[in-house]
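**Q** Position chains E, V and G against the provided structure of chain U, taking the given hints into account.
Chains as they are written, first to last, in numbering that gives the first Met the number 0: chain U, 0 to 140; chain E, 0 to 140; chain V, 0 to 140; chain G, 0 to 140.
No wet-lab data here; the hints were simulated from the structure. Only a predicted model underlies this, so the values are computations on that prediction, with no experimental measurement involved. Be a bit skeptical, because a hint or two may be false.
Where chains are identical, the list cannot tell them apart; a pair therefore holds if satisfied intra-copy or between any two copies.
[Said to hold, decoys possible] Derived pair list, reagent style SDA-like, types lysine to any residue, alpha-carbon separation capped at 20 Å:
1) K131 <-> T111
2) K131 <-> E89
3) K121 <-> L87
4) K90 <-> S69
5) K97 <-> T107
6) K90 <-> S70
7) K97 <-> S65
8) K97 <-> N63
9) K97 <-> F61
10) K97 <-> G45
11) K121 <-> A19
12) K121 <-> S70
13) K121 <-> S69
14) K121 <-> L104
15) K97 <-> T3
16) K121 <-> V103
17) K90 <-> P71
18) K90 <-> S109
19) K121 <-> T73
There are 4 protein chains.
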Amino acid sequence: MTDTPFVHEIRVTWGDCDPAQIAYTARLPWFALDAINAWWEEHFDGEGWFQMEIDRNMGTPFVNLSMDFSSPVTPRHRLMCETYPTRLGEKSITFGMKAYQNNVLCFTGSFTCVFTQADVFKSMPAPDRIRKVVEPLIREG
Amino acid sequence: MTDTPFVHEIRVTWGDCDPAQIAYTARLPWFALDAINAWWEEHFDGEGWFQMEIDRNMGTPFVNLSMDFSSPVTPRHRLMCETYPTRLGEKSITFGMKAYQNNVLCFTGSFTCVFTQADVFKSMPAPDRIRKVVEPLIREG
Amino acid sequence: MTDTPFVHEIRVTWGDCDPAQIAYTARLPWFALDAINAWWEEHFDGEGWFQMEIDRNMGTPFVNLSMDFSSPVTPRHRLMCETYPTRLGEKSITFGMKAYQNNVLCFTGSFTCVFTQADVFKSMPAPDRIRKVVEPLIREG
Amino acid sequence: MTDTPFVHEIRVTWGDCDPAQIAYTARLPWFALDAINAWWEEHFDGEGWFQMEIDRNMGTPFVNLSMDFSSPVTPRHRLMCETYPTRLGEKSITFGMKAYQNNVLCFTGSFTCVFTQADVFKSMPAPDRIRKVVEPLIREG
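Chain U extracted, bound-state conformation:
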């Protein structure tokens, strides 16, 4: 267990921005998923979705995502994505996110994934090795 929240840093660039000079809205779920993948890498010895699927025959497809946008994202500052599990169900996991630039909240989000056996794309219970790591990290959404 740790008291330091996991924060994934994203380098927002020119190519992420639209003519309104801010990151295009459809880039923000992409950034959020990058942060969730980085969360997996951080807590499971560098294993993100790629290793999970290819090496462990496990997937975590999304069943829901919900995001609120409060301030535009720009290349002026790094985007800091605080990412944490908010719920671990029998067969699902929910992540919360708070993303900041220069200490201003840019967006929040909630993301629910189910655990699957990858080769048959069938849901399954969260493996114990994952449950053991996730449970102490769960916090309020």
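**A** What follows is chains E, V and G alone, placed relative to chain U:
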């Protein structure tokens, strides 16, 4: 007013898919935004977000999006995105979406945007010319 | 054999553009690959890279791409990507491309792929069924 | 002048990969442009294309790109993009790139941009402040 719902067709390709052989989750909000932009083009003489911003100094930034994923999206079929306004507030508009492949529901979504004066990035009431077109098209979410 | 060149139409949008109000350069190779994939679909009964890999255990990874940009791409017009094979080697195929908006040449490109057996990622000769279709379509680069 | 080459590190992820389990070809020019933008940020006090355009009314649109792909890019290792100017013309700049994963060369590239006054999209000579920084860094392509 029309009884035929607006449907935006998307050609899903190899490049949209991840190693699980289905469209990467972060591509789906992108597809949804493509459909909403196409909805604007269809109902306003070809004017989408680009023309709105550059020619009319108006923006419609997103304040919220929420999506439920029920079936994987693949390149096997076109993705048909049924798109429609579900609410027109004083300064905001909400779109609903139901996206199908081969008559199977792949995802649903709800997307709320606010109207802004683009050059100052300040919210403003929905212009009358927009209100007139949108109101008859509103349906249940 | 046909005298009508294959043209893939792309709907350029707001989200493809950067703050210079033109399509971001890194989107243009993406568009070009979409056009090449569409070329495969058009000439092989709807089978693009996805079906080629999954159903036929064949890949065509790129070994080279080269593009010259002559005029900006914008959402004002559809992007018309004329796509054609310029060379069929023993184990490789080269495509040429000329992309227009409103009859103005925006970019040209040349793209070389090798044929591979997908499951072992090993190069192989172009299959006869492909050779038969491609050869009559080859034109100067 | 420095003897240490500039290397931009990219975290390749699941979402960058296609069903062949390697980074989709169209992502590689995107990565390359990220590296070139990072090169500008590194050598000009954090100013990349965004600051260049918005704060200095200067653009560097691409007129050509050419890439050779020699080994697949995967999420197994960071992608190290060695980036350097190979030529500074009166009104243009050319960058070379060598991208490695785990010390294996994945791709090389050459990228030529022209200097423009952004608000009128008109070419112009390379500013002296840029010439001064770039010239000592030029090396063979």
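**Q** Determine for every hint whether it applies to the structure shown.
**A** Verification of the hints:
no., hint, result
1, K131 <-> T111, "within (19 Å within a copy, 38 Å between copies)"
2, K131 <-> E89, "within (13 Å within a copy, 49 Å between copies)"
3, K121 <-> L87, "within (18 Å within a copy, 40 Å between copies)"
4, K90 <-> S69, "between (31 Å within a copy, 16 Å between copies)"
5, K97 <-> T107, "within (4 Å within a copy, 24 Å between copies)"
6, K90 <-> S70, "between (34 Å within a copy, 17 Å between copies)"
7, K97 <-> S65, "both (12 Å within a copy, 16 Å between copies)"
8, K97 <-> N63, "both (17 Å within a copy, 14 Å between copies)"
9, K97 <-> F61, "both (18 Å within a copy, 17 Å between copies)"
10, K97 <-> G45, "neither (22 Å within a copy, 25 Å between copies)"
11, K121 <-> A19, "between (42 Å within a copy, 13 Å between copies)"
12, K121 <-> S70, "between (38 Å within a copy, 12 Å between copies)"
13, K121 <-> S69, "between (36 Å within a copy, 13 Å between copies)"
14, K121 <-> L104, "between (37 Å within a copy, 18 Å between copies)"
15, K97 <-> T3, "within (14 Å within a copy, 37 Å between copies)"
16, K121 <-> V103, "between (40 Å within a copy, 18 Å between copies)"
17, K90 <-> P71, "between (35 Å within a copy, 18 Å between copies)"
18, K90 <-> S109, "within (17 Å within a copy, 25 Å between copies)"
19, K121 <-> T73, "between (39 Å within a copy, 17 Å between copies)"
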